[in-house]
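Protein chains: 2
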Amino acid sequence: MLIQEYFKSREKILNAAMDEYLESKDSYPSELHEAMRYSVFSGGKRLRPILMFAAYEMLIGRKNIGRLSRLLPAACALEFIHTASLIHDDLPSVDNSPERRGRPTCHVKFGEATAILAGDALITKAIEILTEIKQSKLALDCIKILTKAVSTRGMIGGQAVDIISAKKKVNINTLRYIHLKKTGALLQSSMELACAFHDAEENTSITLSNFAVNLGLAYQIVDDILDEVGSFEVLGKNPGEDARNQKATYPALIGLETSKKQAIKLLRDSHNLIKNMKNNDILIEFVEMIRQRLP
Amino acid sequence: MLIQEYFKSREKILNAAMDEYLESKDSYPSELHEAMRYSVFSGGKRLRPILMFAAYEMLIGRKNIGRLSRLLPAACALEFIHTASLIHDDLPSVDNSPERRGRPTCHVKFGEATAILAGDALITKAIEILTEIKQSKLALDCIKILTKAVSTRGMIGGQAVDIISAKKKVNINTLRYIHLKKTGALLQSSMELACAFHDAEENTSITLSNFAVNLGLAYQIVDDILDEVGSFEVLGKNPGEDARNQKATYPALIGLETSKKQAIKLLRDSHNLIKNMKNNDILIEFVEMIRQRLP
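Those protein sequences? They're chains A and B, same order as listed.
If you're matching positions, the first sequence starts at 44 in this note's numbering and goes up one per residue.
If you're matching positions, the second sequence starts at 44 in this note's numbering and goes up one per residue.
No wet-lab data here; the hints were simulated from the structure.
This structure is a prediction, so every number in the text was calculated from the model and none was measured.
Ideal Cβ positions, reconstructed from N, Cα and C, are used throughout, including at glycine.
Errors might be hidden in some of the hints.
Stated by the list, open to error - Computed footprint of chain A on chain B; a stretch qualifies when at least three of its residues, placed anywhere within it, have a C-beta under 8 Å from a C-beta of chain A:
#, segment
1, 68 to 81
2, 326 to 338
Unchecked claim - Under the rule of at most 30 Å between Cα atoms (straight-line distance), these lysine-lysine pairs were calculated in the DSS-like manner:
#, chain 1, residue 1, chain 2, residue 2
3, A, K177, B, K177
4, A, K152, B, K290
5, B, K210, B, K290
6, B, K290, A, K210
7, B, K210, B, K187
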């Protein structure tokens, strides 16, 4: 199966589930529910839930969309948390981004106050739907995995360091920390969730977590490189924004060539971690997909 | 036991537990952890956790501080959620409050971006510590109770309507909705949590929930009245702020005398709901304490 087809089919069941879980636009208070839906359905790539699906289907040994229905609470929770983080990141006092994926950001469309609440509500919703998982222990394990990933030791910690470091001279270790936590923690949790649903051995969970962390870091470095030398088409947003926002990037700190080498090494490491696993074709294609973005 | 003594002793074990759960000020990223601690330890009245303690001690039939240790995750979770809601409410784009309890608010002290993240982190922390409750089913029940209370059908829904209604002419039904959800939902959950820990009958849980909802509504009306005719000493903040912020209040909508009558009726209803329960002395004193604030 081509990875594009895989993405398309899995995205479809994910979107249907998110549509089911979210209150309708007209539910009181409608502005809030509309803002939540606006940001959730704004053309995201759904990387985290689809990575979780792919890892789970590798573990059960076959691609079977029917078997994914039990994962849907976790898949939607991942995407709701990710969306909440984008809404809060885009706020004027944080990254001050008026646009995302060619559309006005949540606070531009609905006002800052509603955007703040929409983020809070999506975090809460993510946990709430995890409580609906039938087996108590599995539900609780999923909530543990997700809250650890979101906490100040994870995603929020990375966002905080990113904020504190803005317009300051940061070193490569700080930049690495930001990426590892801000995006890495949630990617890692998508693998841990897949393993929890399969009741996989700890070894497998650690290997897949490392796979996702390397992949996430590579993705960020490639993004930094594209921001410096890429086009709007490949990047999906205007290049040069990092420099304009005085954001630390890999190319700025260690040069373009060394950045490329690092990205390639991380992608090779990702590949090597899973190369001996059976039914790894979709995850291997994930790695390849990111490599192909490199200019 | 005098209610003041009761408050003091229960507040002490709550504060010790919150201190234990929160990362130290120096933990990286320190600005974020400092902001969380600053807002949690800023002299709040701890109404929600102490109400939960009091209900639980009524249910088990004796005041026993030693027996409260198993409730501490839920007690801290309630206070962390409440603190998060205050941090986000105080933001410039929401209520724009530079001070709370005589101290600069979180965003004034640490910047808006860190304040937004501190709120997010406290919501996440609240859920995370609930997962530490030993019995899986109880832990999951607590998370269900709390996420329902925080959701768009609860606290966040109330905050959203409050924001949307600002500077608009609202009617008494909308104002009632705001209070019922914005403060009532979390108060109600404090009773539901106490009942979950005691495995109380559904009847008891419903009665105590109604008790807390009435009490919360009465508290808000008394606050509105004091804002109109009270002094700084009784109110704990400058009176007249609601009028200056063009906020809808009970006295503004239904007049001072009718507001007083409503508050007294709600307090009488609260009293009546629990008057036949054994060991109800602390909860009865709670009602009395609010009645005494009435000018």
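Evaluation of the provided hints:
no.	hint	verdict
1	68 to 81	holds (count 7)
2	326 to 338	violated (count 0)
3	K177/A / K177/B	18 Å, holds
4	K152/A / K290/B	24 Å, holds
5	K210/B / K290/B	7 Å, holds
6	K290/B / K210/A	38 Å, violated
7	K210/B / K187/B	34 Å, violated
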